[in-house]
Every structure is written in structure tokens, then in C-alpha cells.
Amino acid sequence: MSVPVRLWFKKDKSAVYISHLDVNRTMIRVIRRAGIPVWYTEGFNKHAYITFPSPLPLFAAGDSEPMDFKLDGDMSLSEIKQRMNDACPMGLSVVDVTLPVLKAVDISNAKYTVHLLFEGMNAKQSAEILSRAKKADSVVTMKRTKKGQKEIELKQYINGLRIGFDDDTAMFEAILPCGNALNIGPALIIEAICQKFDVKLGEYDITRNLLLDKNMKPFA
Amino acid sequence: MLNPKLKKILTQIQKPGRYCGGELNSVVKDKNKVDVRFAFCFPDTYEIGMSHLGMKILYSLKNARDDVWCERVFAPWVDMERAMRENDIPLYGLESGDPIKDFDFIGFTLQYELSFNNVLNMLDLASVPVLAKDRHSLSPIVMMGGPCVCNPEPMCDFADLFVLGEGEEVNMELIDLYKLHKAKNSSKEEFLKEAARIEGVYVPSLYDVEYNEDGTINAVAAKDGAPEKVTKRIIADMDKVFYPKEFVVPFIDIVHDRAMEELFRGCIRGCRFCQAGFIYRPVREKSPDVIADQCRALCQNTGYEEISLTSLSTSDYTRLSELLPKLIEWSDDEMVSMSLPSLRVDNFSQELLEQIQRIRKTGLTFAPEAGTQRLRDAINKNVTEDEIMNTCLTAFNGGYSSFKLYFMMGLPTETYDDVAGIAELAQRVVNLYYDNPNKPKGKGVAVTCSVAVFVPKPFTPFQWEPQDTIEVVKDKQKHLVSSVRSKKINCNWHDAKISFLEAVIARGDRRVGAVIYDAWLHGCKFDGWDDQFKFDTWMESFERCKIDPQFYANRRRSFDEILPWDHLDYGIDKAFLIREAKKAYEAKTTPHCRIQCSGCGANKLKGGRTDERSCATLV
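The listed protein sequences correspond, in order, to chains U and B.
If you count the first sequence from 1, position 135 lands on 135 in this note's numbering, and the numbers rise without skipping.
Take any residue in the second sequence, count from 1 to its spot, add 1000: that is its number in this note's numbering.
Warning: the hint list may mix true and false statements.
[Unchecked claim] Once the Cα atoms are required to be at most 30 Å apart in a straight line, the calculated DSBU-like pairs of lysine-lysine come out as:
1) B:Lys-1029 x U:Lys-10
2) B:Lys-1031 x U:Lys-46
3) B:Lys-1031 x B:Lys-1007
4) B:Lys-1245 x U:Lys-81
[Claimed, not checked] Some residues of chain U that are not near chain B, with every Cβ distance over 10 Å (derived):
5) Lys-10
6) Ile-18
7) Leu-58
8) Pro-100
9) Ala-104
10) Ser-108
11) Ala-123
12) Glu-153
13) Lys-155
14) Val-199
15) Asp-205
Simulated from the structure, these hints should not be mistaken for lab results.
Backbone N, C-alpha and C define an ideal beta-carbon position, used for all residues, glycine too.
Work out the full structure, taking the sequences as your base and the hints as a guide.
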């Protein structure tokens, strides 16, 4: 009798430079190294069956990303966490192992933190640009959809926006739509800001902190 | 660990996962606690280098020593190289992020002649002088090993030393010697003089080459106590030699993304075109228990779900029927699939097919190499038409309906009828499929003929042969295409120009080094990649250096010519090679080592006499 399990992992450092497919492949091997009794697909080419409710894009770090699988044997959740952590490469680590509460389709939003500097600007100046974007009536961009390109206004989708800066970098936090119905990533927002204010992006990093359901409660 | 300047660059180039390190099982040490830092450089991209077994073995071997830290370095792709140069980021070790110019050793593995330019480019990118004579301090020592160093002469201007043969022991000896010299603050010359006395180490600066009027070599003379002939190193006991218990597991997709286990080194067959079969002799096998244990350890420590059993001719492993059941039991339980490449047509049995099929049905590939029996006999590929057809039939009955067949064109004694023979053979395979009453309904057959251009290589019986000129090759390729009469047969082949350049470098002497240098200066690199190869630039370099490439590729050499690699000993007697070369022209075959010893001389390396019974049976 296999039990659904949800594993939450952190992705940062070197792992930021690998794609979702790479994470998928890497996790399968971590599971094998860790000796977790995961349910395998049947058929000619058996492999460990794992799914990701919400894949992370390339270059994004993640604080608590879910990965689902079915446990096909006896092992406690804390033992799974320990073994997986012992077997993880640099840049990937297991934060928690739980029993899933919601379904993958319940994911509707996500909270992100972005650090950035615009080219030729210091932290304070970069934060200025972000504030101007916050005050603006609208920020538009072209988004690729199944039917081609469509112009969309982004500000309506941004919630909980906070802007700040320190000596090294400007930053903003925001809650954005995330999921099957609509997906707006911070990269799109940044691109739109660069276009609107005619600036170029210098250094940046994006971290997805949390996934949320449609009521803005943490996805569990 | 990563240079902060890199962070921005990595978001702007293709496949950043190539350059960031941090992979599972990569070895990170404290640089202040080691005595020797080694940069193992693979002169091609990450995806290719990470598939190379030799690098994995030597990486683990060196890092098993507390006093050594070995890091991996791969050739950055053109976009990354541009960004690195623009941002003043010198070539770095993946594990530490430190510039390799400060390391003790910079080692390259020469796997393929068209990667030689990348060696120069990587040295330059590392801010290390490309020419050996411009490097004056003891470190970094630039060393090179791998199969191509059986004729390393074109690289003599760039390397401080070459390691001939198998590296597991000699690398350790070199490191130990270096440590002594580093402690005494020796000069590079003092170190190299002593290094030349280690068996298997070839120091090019201690040899002078004189040429005749006609461009051939007059003499190669050793000086300063260096040996007249340098003999390659072999590992005597394959069971006791170091083998890694884990491999670095890449994050990104690479060419061969699986665990690898070596079954044996060398080859008994003696196909006359094949350099690998000769330069890795004598044959030495691992025992089944050792293989099974190593496979288990590797998969456990890497999490790989596939393991490849590698050798030059896997179905020739004498204890395959003992090994496979051991592995199959384990692989079924652990859900590891096994791949068995390099199978021969003439001992491909029903039983073997069943074993392979158990796990995953991959494509089947065989190498008849030539389309007619006469030519197969001339090149000593001891495979008959009946064996080919029987194998295909066995495969058809096993449910396979697509094959790849490897051939070459431009082989010595080849006629246009032989070329057409390739298409005719493929046609007979197709006909066999349709004549088979057991064939699956509704499924057609697909035969792919992959036809390479023959490149004569050192230490083979064909090392005196001229390569077909580019024009002749193109004409033969046209003839092949026009001989194909069925849509079920698909032919593909290599670019004649790339093969021509490969032929020049493979049998080049030291003067070719000037051309390699000039071509690199003018932008040639990644020559093995179709979209990067600049043939015209190479030809201009040949002209500027006043070197005729056809002298190396298309000239028939005489048996008494001094060849650029004659002062290197790979255990194969020249007299044997000459006998074989003559037999080729009589289309006479030579039986393989287990049927009868043909006296190639390799058993001398195991301490035997040339007239003793076949060393291939002294397992």
C-alpha cells in the first residue's frame, strides 16, 4: 500500500544554474542513493515516480519547494528527511517531509524575493526605479500565450509589494499568481520595468519563498 | 567558491550548469592542507568530458591521496569564453573556482586529434604561456596523456611531458618526484630530466629530430640521459588496480549519463585499421566478482540507474556467461539497467540477446566495416556474410527492427565495387527481414549505414597507407548514395575535410605543431564540431607555415622510413605490423589471439617472450 508523501526542498547556490529537468533527474538519483523505498513505474523502463506540483524556472532559487512521491515501504518521515539530506548534492537540501494536504492544482500564488541592481545605478537608485514602478498607474508587457503574444497589464496581479535597499542591493518582495490558471514570474515584472523606465538589468537573483493557495494560505 | 563576476555572466550564456561545479561526489579540499594541486583538463565541453571514463578514474585516484587536490576543467563554450575574456576571468578549476595557472600540474587528456587546438586555447584562457619554451618556472607543469600520445609529436611545442599508456601508477610516481623537487626549489629542467627516467614518461625537450631533404625523418636522438625509446606503462593486475567507488554525478544532461565499468583492456581481434586494439594490448581482464562488486558500489554511491559494461569488444570477455547472471540478479532487484555496447557480429548469440533485452530494448549497432568479404578479409575484420545475416536474423526474431551498421570507406585495397558493396549488404539485410515469416506485422525495417572516412593511424598495419584524397572520398560517397536502392536504407557519413585534417595530425611530426599554433592564433578551435570547423583557415595556416598537409595524409610511406613515433614503444613490433600490411594486400586474414598467437610482441610488456603462447590467454 503506497502512501503519498510531500517533500519540501531548498534550491540555492550551484543548483540555481540548473533547469527543472536537471532537478528532476538529480532528485531521482538522490532518492536512490538515500535508499528511500519509492514507488517505481511499471513497464519496461522502470523509474522512480516523482512529480513537482510547481516547477521552478532556471536561475530561481527556492526556499521550500514541493516534490511529491509515493512511499512504497516502511520509513518514517523524519528518517526520509535525514537520509535525503545525507545524499543531496550542494545546492539542494530537504527542509521538511510531510503528508500532503492540498492537491497540486490548489497552488494559485507564490511569494518571491528579488535582489537586483540596474546597470549604472547603485542600490538606492535602483530602489528608486522600483518605487516609481509601484506608483505608476500601469506596467504592461507582452506575454507569450498558447495563441501567440498578448499584452497584459501586470500591476493588477501584484500583491503585498514591498521595496527596500541596503548598501549592496535593491530588493522587492511580491506575491504573484502562480499555477495552472495564470503564472506571472518576477522575471516578467523586471523585464516590464526595464522597458518602461528604459533601464538595463545588471546583477539579480530571484528566490521563491513560499507557495500559496487561492486564499493566500501556505500550500501544504 | 564561485567568482562573483561569474554570477552575472552565468545568467547570460547557454547551459550555465556546465560552469558552476558543486555536483554530487565532486571533491572539495582545503587548498592550504594539500601539497600538490592538479588541474585535470578535458579539451572539449563539459558534456563530452564528463562522459569520459579515464578522467573519472584519474580524478578519484589523485583525490584519494591526502596531499593532492585534483580539480576538473573543461573547455568553455564560445559564448562563455567570450564573456570570460571580456571580464578578465581566467580559466578556473570547477571545484575551487581558483585560476589554474597557480596549480602545480595542468594535465590534458588527448582523446581526438581535432581537440588539440582546444588544448592551446585552454592554456591561453588560463593565462599560461602556450609554448613550453615560454614557461620558465617549475610550475605549472603542463602534461598530456591519453590515446593520441602514441604519436604526440605535433604537440611537442606545447607539452612539458607526455605520459604514455595507462596512468594509474605513473601519475603517482610523477607527483612524488615533483614534491621532492618543489621542496628543493628545483628548476623545471632539473625536474624534467629526472622525470624522463620514469618509465612511460616522454619529455619532448630532451629529444632532437633531424629531417632529410625529402621531408622524412633522418633521426630522433635522445639527450641528457633520456631513454632512446620510451615504453608505455600498463597495469598488470586489473583486479588490484585502483577503480573509483563513486563518480561525480553531473546536474545537467551529458552524452553518457550513466555509471561505467571496465571489463578488460586491449583486444584480441587485430583488425588492421584499429589503433585502439593495438595500443591497449596486451589483453588483461577483470574477474567477474571484482566487476560485480565495483558495479554495485558505483550505483550505490551515485544513484545512477544505468550502468554500461565497457571494453573494446565486450562479447569477447571470456567470462561473460559467468558475469551476466551475477549482474542480472542484482540489477533486477535494484532496478538498474545495463547497456552492453561494442558487441561483435560473430558471437552474438540468442542467449546474449535475451540478456540484453531483459532490461531495456535499445537500438542494435554492429560494425561490419566493409561491404564485401574480400575487403573485410583485407582489413582482418574476421566476420563472414553468414555471420552478419545470422546475427540480424537473431535480432529480428528477438523483435528488433532497426539497426545501425558501421562502415568505413577509403580502406586500403578498396575498389568502387567494395563501396557499392555497402549498399548491397544493407539491401540483403533488408531482404532478410521481409523474407522472415516471423516478422512483426505492420512494422518496417530501418537500416542505417554510418560510413566514416578511413584515417590511417600509427601503430596499425595501415600506418604506411595513404588516405584517399578529399576528391576521391567525395566521389565514393556519391557512388555509395547512387548504389542505395531502398527507402529502408539510410546512409550518413563524416565530412571528408574533417577526416583529412585528422589524418594529417594523426601521423604528423613536430613541424605540424607550428600549423596547429598558427591555426589556433587565427581562431580555430572546437574543430571536431561541424559548426566550428574552419577548413579554409587551416589551409591558410598550412600555407603560411610552408607545410604540405598531403605529405602527411595522402603519401604512401615506405617500410624503411623512420616514422615520427618510432622512438615510442607500445609493445607492438614493427615487423609484425609489416607482415600484417602485406597480408592485407593478399586479402589474407590473421586469426585472433585466442586461436593462435601472431606474435605482435605485446606479451613482452607482461614479461613474456614473443614466441610464448598467446598472452591473451594468460588472464
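Hints and how they fare:
1. Only pairs whose Cα atoms come within 30 Å are accepted, and Lys-1029 of chain B paired with Lys-10 of chain U is accepted, the gap being roughly 24 Å.
2. At roughly 42 Å between alpha-carbon atoms, Lys-1031 of chain B and Lys-46 of chain U are farther apart than 30 Å, so this suggested pair is violated.
3. Distance restraint check for Lys-1031 of chain B and Lys-1007 of chain B: the Cα-Cα separation of roughly 23 Å lies within the 30 Å cut-off, and the hinted pair is therefore satisfied.
4. For the given pair, Lys-1245 of chain B sits about 25 Å from Lys-81 of chain U by alpha-carbon distance, which is consistent with the 30 Å threshold.
5. With a closest Cβ-Cβ approach of about 14 Å to chain B, Lys-10 of chain U is found to remain outside the 10 Å limit, as its non-interface label requires.
6. Against chain B, the non-interface label of Ile-18 of chain U is violated: not every CB pair exceeds 10 Å, the least being about 4 Å.
7. With 10 Å as the threshold on Cβ separation, the claim that Leu-58 of chain U sits away from chain B is violated: the shortest Cβ distance comes to roughly 8 Å.
8. Interface exclusion of Pro-100 of chain U from chain B stands, the closest Cβ pair being 24 Å apart, more than 10 Å.
9. At roughly 24 Å, the least C-beta separation between Ala-104 of chain U and chain B is larger than 10 Å, which holds for a residue marked as non-interface.
10. The Cβ of Ser-108 of chain U sits about 28 Å from the closest Cβ of chain B, beyond the 10 Å cut-off, so the non-interface label holds.
11. Against chain B, the non-interface label of Ala-123 of chain U holds: every CB pair exceeds 10 Å, the least being about 15 Å.
12. Non-interface call for Glu-153 of chain U relative to chain B: holds, since the shortest CB-CB distance, roughly 27 Å, exceeds 10 Å.
13. Non-interface call for Lys-155 of chain U relative to chain B: holds, since the shortest CB-CB distance, roughly 25 Å, exceeds 10 Å.
14. At the 10 Å boundary, the C-beta of Val-199 of chain U stays outside the reach of chain B, the nearest C-beta of that chain being 15 Å off.
15. Non-interface status of Asp-205 of chain U relative to chain B is broken: a Cβ of that chain comes within 10 Å, the nearest being about 8 Å off.
Hint compliance for this structure: hints 2, 6, 7, 15 are broken, all remaining hints hold.
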